[in-house]
Amino acid sequence: MAEEKKVYSRTKGIIDGAVSGFCPGCMHSTIHKLIGEAAEDLGKLDKLVRVEGVGCCGLGQFYVTCDETIAAHGRACAVATGIKRSSPDSLIYTYQGDGDLAAIGLAETMSAANRGENFTVIFVNNGIYGMTGGQMAPTTLLGMKATTAPQGRKAEEHGYPMHMCEILNQLTAPYYLERVSCDTPQNVIKTRNAIKKAFQYQLEGKGFSMVEIVTSCPTNWGLSTLDSLDFLRDKMFTEYPLGVYRDKGAEK
Amino acid sequence: MADRVFMKGTEAIAEAATRAGCRFFAGYPITPQNEIPEYFARRMPEVGGTFVQGESEVASVNMLYGAASTGIRAMSSSSSCGISLYSEGVSYCASARIPMVYVNVQRGGPGIGAIQPAQQDYLQATKASGNGGFRMIVFAPSTVQECVDMTYEAFDLAFRDENPVLVLTDGVMGTMMEPVVLPPMKSDEELKELRDAYKHRAIIGHPLGQQAYCRPGSVGTGQEEVNKEAVKLYATWDKDIRVEEYMMEDAEIVFAAYGISARISRAVIKELRAQGVKAGMIRPITISPFPYETFKNLDFNRVKGILDVEMSIPAQMRWDLDYAIQGACPIKECLRSGGQLLTNDQVMKAAQELIKEVL
Ligand SMILES: Cc1ncc(C[n+]2csc(CCOP(=O)(O)OP(=O)(O)O)c2C)c(N)n1
Ligand code: SF4
Ligand SMILES: [Mg+2]
Numbered sequence: 000m001a002e003e004k005k006v007y008s009r010t011k012g013i014i015d016g017a018v019s020g021f022c023p024g025c026m027h028s029t030i031h032k033l034i035g036e037a038a039e040d041l042g043k044l045d046k047l048v049r050v051e052g053v054g055c056c057g058l059g060q061f062y063v064t065c066d067e068t069i070a071a072h073g074r075a076c077a078v079a080t081g082i083k084r085s086s087p088d089s090l091i092y093t094y095q096g097d098g099d100l101a102a103i104g105l106a107e108t109m110s111a112a113n114r115g116e117n118f119t120v121i122f123v124n125n126g127i128y129g130m131t132g133g134q135m136a137p138t139t140l141l142g143m144k145a146t147t148a149p150q151g152r153k154a155e156e157h158g159y160p161m162h163m164c165e166i167l168n169q170l171t172a173p174y175y176l177e178r179v180s181c182d183t184p185q186n187v188i189k190t191r192n193a194i195k196k197a198f199q200y201q202l203e204g205k206g207f208s209m210v211e212i213v214t215s216c217p218t219n220w221g222l223s224t225l226d227s228l229d230f231l232r233d234k235m236f237t238e239y240p241l242g243v244y245r246d247k248g249a250e251k
Numbered sequence: 258m259a260d261r262v263f264m265k266g267t268e269a270i271a272e273a274a275t276r277a278g279c280r281f282f283a284g285y286p287i288t289p290q291n292e293i294p295e296y297f298a299r300r301m302p303e304v305g306g307t308f309v310q311g312e313s314e315v316a317s318v319n320m321l322y323g324a325a326s327t328g329i330r331a332m333s334s335s336s337s338c339g340i341s342l343y344s345e346g347v348s349y350c351a352s353a354r355i356p357m358v359y360v361n362v363q364r365g366g367p368g369i370g371a372i373q374p375a376q377q378d379y380l381q382a383t384k385a386s387g388n389g390g391f392r393m394i395v396f397a398p399s400t401v402q403e404c405v406d407m408t409y410e411a412f413d414l415a416f417r418d419e420n421p422v423l424v425l426t427d428g429v430m431g432t433m434m435e436p437v438v439l440p441p442m443k444s445d446e447e448l449k450e451l452r453d454a455y456k457h458r459a460i461i462g463h464p465l466g467q468q469a470y471c472r473p474g475s476v477g478t479g480q481e482e483v484n485k486e487a488v489k490l491y492a493t494w495d496k497d498i499r500v501e502e503y504m505m506e507d508a509e510i511v512f513a514a515y516g517i518s519a520r521i522s523r524a525v526i527k528e529l530r531a532q533g534v535k536a537g538m539i540r541p542i543t544i545s546p547f548p549y550e551t552f553k554n555l556d557f558n559r560v561k562g563i564l565d566v567e568m569s570i571p572a573q574m575r576w577d578l579d580y581a582i583q584g585a586c587p588i589k590e591c592l593r594s595g596g597q598l599l600t601n602d603q604v605m606k607a608a609q610e611l612i613k614e615v616l
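Chains as they are written, first to last, in the working numbering: chain A, 0 to 251; chain B, 258 to 616.
Careful, some of the hints might be misleading.
[As the list claims (entries may be wrong)] So, partial list: chain A residues that the calculated Cβ filter (under 8 Å) puts toward chain B:
no., residue
1, T10
2, K11
3, I13
4, E39
5, D40
6, L41
7, L44
8, D45
9, T68
10, R84
11, S89
12, L105
13, A106
Derived from the structure by calculation, the hints contain no laboratory data.
Just so you know, even glycine gets a beta-carbon here, dropped at the ideal spot from N, CA and C.
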């Protein structure tokens, strides 16, 4: 009789037995798992440092096992700059929402990317301010309702959704920019690989990378888990096409 | 051997910090302190340190928060309206108990104010350098030598207390040249030892089960506990109060002044003494913690009046003086602001008016 072999176990990047606190159907928990797995694959959990933004990601602070600091809202890329420059052997990622990275933290994000800072940005784009209850984000789609845009986002009044992979792709320094999602098993695997690739590049000293993960927010979109997946695929992926925007490692 | 050199205040501060082991500097250009970042840009590569020109003061202070959380000695500097943008990061450092040092080379204010020297940030520096009611040790040097010595010591205090330390100086001291004795350069071995002592809480990555975290906020009752711990720290600062009492043995007229205003006051006091007036000065060297007791314990049978000399309109240290003496004698203000410097003549005139009123 064949011997039993353990083929899958929970990542050591997540505290044993911890419950995440994210809403049911939220992709934040999947992403946390994937980060843990990617760092574990590379044998670098003991070097991993999380620079947490402010938003629903804050629920992750009692969930992960790695060293961790909480940046002021929007400042994660500045904080990560300070840490990486002072501790180059650490494997550093920021974890930021769209309000954090693309509104209040836009200057810090752009400038760190432009300097080619050698860390990894995990950017969770759910098109809304989740933590504070559904206000408009820079990534909110046209026509999409938010508590501060009750009639839906209007181009004349609010401008257009911001595309961070495309914007950062205007800069010369960034090494790797990819937009992924977690709506299907295939996409989950792609996200895992993207995070692992970004970490690998960081370990090789290649500079700035960002993995943008387009996700749903069933709670603040006011949709069921399943309906929010439809909205994600129909609307969000149209505005935010998935794919590799920059991979200097693959160009060679 | 100690190095005696002739140096500008700003550059002396940067060199003192380097010798104290500062190996990370982030800052954004603003007059009158540009020589500090410029000095670090040249100096850090020589000692294996890092200089980053931040995209703003907000970014710079948050870089400092990150760098300092790894246990490295880290510093930044700015001036007045730039320092306003530091309040976010300073408050985060205070909440998370991150040791770092920053310097305010004051200029006129409020707003963008004037690029000329002033002492317009006293209340901000001593009472509310950010949200949340935290406190810091704030040094107020009045010579380039003191700028050097206090910057050097600030790192030790920041690490002793795991709290930010502010050196509050101004555009006069920043741009003035004076002979100074530079403190010894801390060796790489010493710095490694200091950094190792911080390793358990450094945000650098740890083996499983030894997680280090830097939390500028807490859930549940956590934040109240953090605040109570902070109050316990502040209560230990009586020993850190520093004050100079100048010609105070028999003084009837007492000047109260810090930093650059104290230098001007000293010259005027000498003149008054030559005229037979019993004048003296209490010069707070730490303006936080403030030497309340020194003022409170004055013999008010002898002391007839206090002259509050500040380069600020409205007066700001006045709040601390009032709190200390509770109306025990009259206080007169002698003020300039907005980049207009106090002159000996103006201070002399104010002193003579006070003398006429109270003696
Ligand atoms: C300086 C500051 N301003 C505002 C807030 C309040 N705030 C907390 S989370 C948040 C929005 C976060 O939205 P996003 O970055 O999209 O993250 P999500 O919750 O959607 O994952 C805001 C505005 C804050 N904490 N600090
Ligand atoms: S509010 Fe939205 S983003 Fe936040 S945990 Fe809930 S579903 Fe996730
Ligand atoms: Mg969001």
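*Taking 8 Å as the limit, does the beta-carbon of E39/A come near enough to a beta-carbon in chain B?*
violated, 10 Å
*asked:* So, as I understand it, the hint says D45/A touches chain B; can you test that by seeing if any CB pair is closer than 8 Å?
replied: For D45/A, the interface hint holds, since the closest Cβ of chain B sits about 5 Å away, which is under 8 Å.
_Hint validity - L44/A Cβ closer than 8 Å to any chain B Cβ_ = holds, 6 Å
*Taking 8 Å as the limit, does the beta-carbon of L105/A come near enough to a beta-carbon in chain B?*
Because about 10 Å separates L105/A from the closest Cβ in chain B, which is outside the 8 Å limit, the hint is violated.
_Quick check on D40/A please, does its C-beta sit within 8 Å of some C-beta on chain B?_
Violated. Min distance 15 Å.
*With a cut-off of 8 Å, does the beta carbon of K11/A approach a beta carbon of chain B closely enough for the hint to hold?*
Check passed: Cβ of K11/A comes within 6 Å of chain B, closer than 8 Å.
*Do the numbers back the hint for A106/A, that is, is its least Cβ distance to chain B under 8 Å?*
holds, 5 Å
*Holds or violated: L41/A as interface residue toward chain B, Cβ cutoff 8 Å?*
Constraint on L41/A not satisfied, violated at 12 Å.
_Checking hints one by one. Is T68/A an interface residue toward chain B, by the C-beta closer than 8 Å rule?_
holds, 4 Å
_Hint check, S89/A versus chain B [nearest Cβ-Cβ separation less than 8 Å]_ = With a closest approach of 5 Å, the S89/A hint holds.
*Minimum beta-carbon distance criterion (8 Å), R84/A to chain B*: holds, 4 Å
*Given T10/A as an interface hint, is the shortest Cβ-Cβ distance to chain B below 8 Å?*
Constraint on T10/A not satisfied, violated at 11 Å.
Taken one by one, the earlier hints fail for this structure at numbers 1, 3, 4, 5, 6, 12, listed in ascending order.
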